Every structure is written in structure tokens, then in C-alpha cells.
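*Asks:* Protein chains in written order, with my numbering: chain A, 1 to 658; chain B, 659 to 818.
It is worth saying that the hints were derived from the structure and are not from the lab.
Model, not experiment: these values are computed from the prediction.
Check the hints yourself; a few may be wrong.
What the hints assert, rightly or not - Okay, derived cross-link-like pairs now, BS3-like style, lysine-lysine, Cα gap no bigger than 25 Å in a straight line:
id, chain 1, residue 1, chain 2, residue 2
1, B, K708, B, K723
2, B, K743, A, K382
3, A, K267, B, K708
4, B, K729, A, K382
5, A, K382, B, K667
6, B, K723, B, K743
Read off the chains here:
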Amino acid sequence: MIVEIGHYALVLALALAVFQCLVPLWGALKHDSALMSIAPSVALVQFAMVALAFGSLTIAHVTSDFSVINVIQNSHSAKPLIYKISGVWGSHEGSMLLWVLILEIFGALLALFGSSMPLLLRSTTLSVQSWISAAFLLFILLTSNPFARAVAPPIEGQDLNPILQDPGLAIHPPLLYLGYVGFSITFSFAAAALINGHINAAWARYVRPWALVAWIFLTLGIAMGSYWAYYTLGWGGFWFWDPVENASLMPWLAGTALLHSVAVMEKREALKVWTIFLAILAFSLSLLGTFLVRSGVLTSVHAFANDPSRGVFILAILVSFIGGSLALFAWRAPLLKVGGIFAPVSREGALVLNNLLLTTSCATVFVGTLYPLALEALTGEKISVGAPFFNLTFGPLFVPIFLAMPIGQMLAWKRGDLLGSAQRLTFAAAVGFAAMLGFAVIQGMPIVAPIAAGVAIYLIIGSFVEVAGRIGRVASLGMMLSRAFGLPRSAYGTAFAHAGLGLTLLGLAATGWGIEKNITLHRGDNLTLGPYEISVGTIKEQPGPNFKETVLPLTIREGGRVIANMEPSRRYFSTRQMQTTEAGITTLGFGQVYVNLAEANADGGYDARMYWKPLVTFIWLGALLMAYGGAISLSDRRLRMGLAVKSKRRSEAAVAAE
Amino acid sequence: MKRKTMTRKTRRLVLIGSALAVIFLAVGLVSFALRDNLVFFYGPTELAQKIQKPGARLRVGGLVKEGSVIKDNGRQMTFIVTDMKTDVKVQYTGQVPDLFREGQGVIAEGVMDAAGNIQADTVLAKHDEKYMPRDVADSLKKQGLWKEGTEAAPAPLRKQ
Numbered sequence: 001m002i003v004e005i006g007h008y009a010l011v012l013a014l015a016l017a018v019f020q021c022l023v024p025l026w027g028a029l030k031h032d033s034a035l036m037s038i039a040p041s042v043a044l045v046q047f048a049m050v051a052l053a054f055g056s057l058t059i060a061h062v063t064s065d066f067s068v069i070n071v072i073q074n075s076h077s078a079k080p081l082i083y084k085i086s087g088v089w090g091s092h093e094g095s096m097l098l099w100v101l102i103l104e105i106f107g108a109l110l111a112l113f114g115s116s117m118p119l120l121l122r123s124t125t126l127s128v129q130s131w132i133s134a135a136f137l138l139f140i141l142l143t144s145n146p147f148a149r150a151v152a153p154p155i156e157g158q159d160l161n162p163i164l165q166d167p168g169l170a171i172h173p174p175l176l177y178l179g180y181v182g183f184s185i186t187f188s189f190a191a192a193a194l195i196n197g198h199i200n201a202a203w204a205r206y207v208r209p210w211a212l213v214a215w216i217f218l219t220l221g222i223a224m225g226s227y228w229a230y231y232t233l234g235w236g237g238f239w240f241w242d243p244v245e246n247a248s249l250m251p252w253l254a255g256t257a258l259l260h261s262v263a264v265m266e267k268r269e270a271l272k273v274w275t276i277f278l279a280i281l282a283f284s285l286s287l288l289g290t291f292l293v294r295s296g297v298l299t300s301v302h303a304f305a306n307d308p309s310r311g312v313f314i315l316a317i318l319v320s321f322i323g324g325s326l327a328l329f330a331w332r333a334p335l336l337k338v339g340g341i342f343a344p345v346s347r348e349g350a351l352v353l354n355n356l357l358l359t360t361s362c363a364t365v366f367v368g369t370l371y372p373l374a375l376e377a378l379t380g381e382k383i384s385v386g387a388p389f390f391n392l393t394f395g396p397l398f399v400p401i402f403l404a405m406p407i408g409q410m411l412a413w414k415r416g417d418l419l420g421s422a423q424r425l426t427f428a429a430a431v432g433f434a435a436m437l438g439f440a441v442i443q444g445m446p447i448v449a450p451i452a453a454g455v456a457i458y459l460i461i462g463s464f465v466e467v468a469g470r471i472g473r474v475a476s477l478g479m480m481l482s483r484a485f486g487l488p489r490s491a492y493g494t495a496f497a498h499a500g501l502g503l504t505l506l507g508l509a510a511t512g513w514g515i516e517k518n519i520t521l522h523r524g525d526n527l528t529l530g531p532y533e534i535s536v537g538t539i540k541e542q543p544g545p546n547f548k549e550t551v552l553p554l555t556i557r558e559g560g561r562v563i564a565n566m567e568p569s570r571r572y573f574s575t576r577q578m579q580t581t582e583a584g585i586t587t588l589g590f591g592q593v594y595v596n597l598a599e600a601n602a603d604g605g606y607d608a609r610m611y612w613k614p615l616v617t618f619i620w621l622g623a624l625l626m627a628y629g630g631a632i633s634l635s636d637r638r639l640r641m642g643l644a645v646k647s648k649r650r651s652e653a654a655v656a657a658e
Numbered sequence: 659m660k661r662k663t664m665t666r667k668t669r670r671l672v673l674i675g676s677a678l679a680v681i682f683l684a685v686g687l688v689s690f691a692l693r694d695n696l697v698f699f700y701g702p703t704e705l706a707q708k709i710q711k712p713g714a715r716l717r718v719g720g721l722v723k724e725g726s727v728i729k730d731n732g733r734q735m736t737f738i739v740t741d742m743k744t745d746v747k748v749q750y751t752g753q754v755p756d757l758f759r760e761g762q763g764v765i766a767e768g769v770m771d772a773a774g775n776i777q778a779d780t781v782l783a784k785h786d787e788k789y790m791p792r793d794v795a796d797s798l799k800k801q802g803l804w805k806e807g808t809e810a811a812p813a814p815l816r817k818q
């Protein structure tokens, strides 16, 4: 029964979405405020319906209701509860439902918190958002119904793909979707601005928090996906330039560009048309990602099942939304007035450079991802474009970004002083250079590693030079503290986010100094791995909830002292008759020891891949720091939008800053 | 000051100029990288027909022939990739993925040596027992060896 309620709620949500597509938009065109003001309440009810549908599917999964095909195919009564819940989105149907749920969450949030916005903008935006919901609800109901019942329910389910039975599944898809789908709101804002035909700095101020939220979640989602792949796939790699990964990287690059150009628009009313374009681009790339991952064009662990009708349907959604929005853009964008002017050397100029480099690097990823597909469609020849391509194209384009980031932070709006800014970075550059030499002497080759590490140090220090400069060198500590508190949070947000990228770069650079060993392990063996000694214990078998596990205990010593134990293992899932490996990972300092077991040899030894990866955690910690910077920036925006109570401190700070 | 003489037009020129510079850089990098870093995929039959020069980097995909996997001592192994028509021998050093099994789909990436064998440095067999690398599936379809709906049947029920 609960399953039918869920299905029915989804149909109701579609009806509401269609209603919302048309009525508020009609109201906006006719300037009928009664029709327009319907939008928020409809958006909330629509959200409630989709939440109900999602809730009922979750209940079906948790109670192992094997009369539902989706549950049969992806669940098992012995599966741990966390995977019963996260397994809801471990299938194509369920993950599309999650997609739509998040779309509705964003619509509902806009309905709840957008009351300070002009009615026209708010209702048009919600209406556009509803177009997206309607398209995807239709997609789910017509091609991917998660509520379909089985004619003859089996006693037991087929279990979830063991690779997905991991805490990563509980975290990675929701985060990534919050990011992907978050850009739907900025897209809707952009389309609304085009439909209404006018746009100003206030628009940018409404859009910026949404762009930030989407960007923060996308950053976290990508980082989480990368870490999951790292510890699950057993190759010790964290980024494979796989098309599915690229599909999430492209919206991130466009979204990062959007974040920066929105800042220009908010402060200076410049780059209006470009910002609109980026908002459209970011979501278009999210849609492209959804298409690549969900349509079965690419086969990977993300493509749960291949069904041509789904691919065609998503392609139709993709083409109509991207084509429609770009047509709207071409038609209406010339109406938007060009805003403030600025000198090439200025904060605006630096942000334009940032946009240029980010969109260009995004374009190279786009080419590398779609070229093989296009070539195969046109000539039938099959090629793969791998890491060397991306390292050669994407890498060089990011070098100027790294170098220019701290300088850009330092330039004044409208007209900046390049030489003066560069001079203030002397310290950062000197430390970076010294670090480069130091790393080269201590760690040595490959030459790229110390260079990148030096640039990373420069970037991390340089990120904070601007903030430090604004706090200044004044006599009293109290004065410095009050200035430090008085600075807008967005200044700190920028500094942390930029430093986060530096930290990630440092982690990437350190991969050059990693050690890899492919070796056969026998009981009692002792070996060295980087700075550590590792001794091999006795193999043991132990049962898990829905698998059997073979564990090889290892002891890590440093200078004879035991510092850690690790238990890499191999698991056998009997329902799916599938073997997985669980890499043993131990974090020591910021580096990690990583051991992955292969099958047993005839003599009882185990082949293993062993890695010592210095500073590897910086790769993901850097992403966390970026997201943290975004969050700080977001808290600043909330004060500005007047959503929160105006703080007393801020008005004091404004005085102090004068 | 020199800066003051910068007109709106020069500003625009600077902007367009730098945009073009970045785009040219990107186009240059992409075309350079595309020339040298593409890896072509072949089935065993295609590989035999097109007679690759030794030394070319390529991917070969097919099924691991039953009974062909030989593990030498240490970590070296050889196996035969087949499309049921033509065989090609692959030599590989390292750890194979969890799902590498005789009779299953596989892709080996590496260099062809003078004897026509593949010296692989990467072996892919990913993710799932239902999963067949798309290239392999297409290649088998071409040979008419693909049976639609040969997805693994639900495993027999088992009490845990």
C-alpha cells in the first residue's frame, strides 16, 4: 500500500509541476500578482509529494519488501541497515528519484527563503525550476518507475552490487547531487532574468548564495567520490580522468567561474551577460553529466542498467533545456544593459582572466570526454583518451591560475596596481621558492613534484596575504583583533578556499614521492616500505553479515616500535558470487600506507600492492578547506541579505574599517 | 600616467587579445595532446587484420580464453584474449583486478612486441559480474557471438 501511495504522490507531484510551469509564468508575463504568488506554496506541496514518494521507497527498502522490483534487484534481507537505506539510491530508478528530490528541495528552499526577493523574479524562477522538475518526473514515471511491483515476489532479493555496499554510497551521491542539481537554481535565476528582460546587481546578490551552496556540495561530492574510488578500487589512484569523473568536474569548473563572475556583477554590475551564460553553462554541464552517467552511453559502475529508451529520453531533456536556454539567451541577452567598465589590470580583470582560464580548461575536459564518443559515432573507430591527454592540456592551463590567484586577490576593484600587488607577495613567493629548493634536495625527483609543491606553498601563503594586509601592522594587538573580526567573512572565505586549492596541489605534488611495491607476502615476512617496516601476520577467515572475509593482519613499525596495525582483506559475497578487496589503509601523519591484497598463490602467499603515499590526505583535506571557505563566505552573504538578524558586531566593524 | 590614455577601445582589445591568447594556447595543447595520446581499441581479429607496427600503444579487448591463464612465479602472467575466432597472447606483470576470470571480458592496454604479443601494463575488468566492457560487447556482437539477455541470472537463493 505504502508503495502505491508513493507512486501516486509522484504522479501528483508531476501534475503540480506542470501547473507551476505554466500559471506563475503566465502571471509574470501578464503582471498578475495573484497568479505569480501561487508559486511558493505550489513548490512546497510539490516538494512534500516527492518527499513522500522518496519516503515510501525508503520504507520498502528498509522493510525488504520483495514485491517491489527495485527492492528485489538491489536489496537483500541480510544487508546491514545503512546499506538498505543508502541502497535506495544505489539503483538507476532510486538515484533519479533522489535527483528529483533534491531538485524539489532547492525549489522549496527558494520558496521559503526568497521572500525578500521581488515577486516577479521569485515566481519566474520557481516556474523555470518547475519545468526541470516536470521533465525529470515525467522521465521517472515513464521510463524508470521505482515502484513497479513484481508479479511473483521472491523470498529473497538479489543484493546490492557489493562495490556499492560501502559508507561512500551513503555520502557521495547525495553530496554530488546537491551540487549538480544546486546549479538548477542558478539556471532558473538566469532563465528568469532573460524572460523578464532585466537584471541588476541585486540579481547577483540573490544568486550568489545559491551558487555557493551548489559549489560547496559539488566540491565535497567530487572529493568524496575521489576518496571512495581511492580506497575501494585498490589501485591507489584517486582520479582516473574517467568520463564519469569528468562529468562532475566540468560543472565544477563552470560553477567556480560562475561564483567569481557573480562577485564581479554584484560589486560592479559588470559581466552581466557573461554571468547569465555561465549560469546556463554550469547547469547544462550538470545535465550533460546526468546524461553521460545515466543513459548508458558510458558503461561504468555508475550506469546501473542500460536501456536505450532512457538514453533517448534524457537526451531529449538535455537538448530541449540546453537548446531552449541558449535560444532564449541569444534572443534576450542583447536587451541587458552593459554595466561598469574597468581597466584590464584590476580585480575585475583578474576575475575575467580566472573565468577565461576556467572555461577554457573546462572546454579541454569537454573535448577529451566527448571526442571518443563523437569519433565512434562518426567513424566507428574506438579510442580512449586517458590521463596523458588531460595532464598535457588541463595541467598547463591551471598553472597560470595557481600563479595569478593570490595576485588577483590583491588587486583593487576598477583599477589595480600590478607591481604593488606583486611586491606584497614577495614573501609568499620567496617561501614558495625556498620550499621548492628544499623539497628538491630532500625528496628529489621527479622534477615536477618539487616545482608543484613550491607553487602550492606560495599559493597557500599568498592566499592569506591579502587578509593579513588588511589587518595590518598596528601597534596594539586589540586593534589588530578588532580589525580581524571586522573584515567581511567573504574575505576569509576567499582566503581559505584558495588555500584549499593550494593544499590539494601540495597533496598532488607529493604523489611524485610515493613508493609502490608489488610483492608476494608470506607469514612472518618483514619488509620496508618508505620510512616504515611491515611484518606479515597469520591469515584468518571471518564471517560478515552478507559476506565471508579473508583478512591478512599486518603490523607497521617505525624504528622497531609498533605504530599501527592494518587488516587488508578480501570479501566474497555469495548472493552475487562476487569478490571484492578491501584495501588496508593507515593514516600516518598526513600520509598513508595502503595495502591491497590479490588472490592467494598456490603456496599460500598473497600477492599485494603496497604503497607509501606521503601527504596524500592533503588532496582531500584541501577540498574540505575549499568547501569550508565557501561556507564562511556563505555566512557573510546571509548577513547581507538580511535573512539573519543584523549583528551588532558588524555595524561596529563597519566603523572600525573606515 | 600611461594608464589614463587607455580608452574603452584599447581595454576591449586587451580583453579580446588575452581571450584569444588563452584559446589559442588551449587549442594548441589539445591538438598536440590528441596527436600523441590516443589509444586505439581493437578486437583480436581486427588487430590481426590491421597488422599494427610493433611498438604502437593500443588496447585489445575480448574474452579471457578458458585455460589460458598461466601464472609464472613472481607476478608475471600470460593469458590469451580471444573473440572466439582469433587469439592474441598478452603478457602482464602485476595484480589483476578482482573480476579478472577465465571466460570473462577483459581489456588489456600495452604495446605490441615483435612477436605480435601484447606487453600489457594495464588490465581492466571492472566493477560487476554483469559488466562487460562495452568495447568487448560490441566486438562480440560483430562476431555474432553476443546473446542478448545473457545477463547473469539471479543467483540461487541461499540461507545466510
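*Asks:* State for each hint whether it applies.
*Replies:* Evaluation of the provided hints:
1. A distance of roughly 22 Å separates the Cα atoms of B:K708 and B:K723; the hinted pair therefore holds under the 25 Å criterion.
2. For the suggested pair B:K743 and A:K382, the alpha carbons sit about 20 Å apart, so the restraint of at most 25 Å is met.
3. Our distance criterion of 25 Å between C-alpha atoms is broken by A:K267 and B:K708, whose separation comes to about 61 Å.
4. This hinted pair does not check out: B:K729 and A:K382 have alpha carbons roughly 30 Å apart, beyond 25 Å.
5. This hinted pair does not check out: A:K382 and B:K667 have alpha carbons roughly 47 Å apart, beyond 25 Å.
6. Straight-line distance between C-alpha atoms of B:K723 and B:K743 comes to about 11 Å, which keeps the hinted pair within the 25 Å bound.
Checked against the numbered hints listed earlier, the structure breaks hints 3, 4 and 5; every other hint is satisfied.
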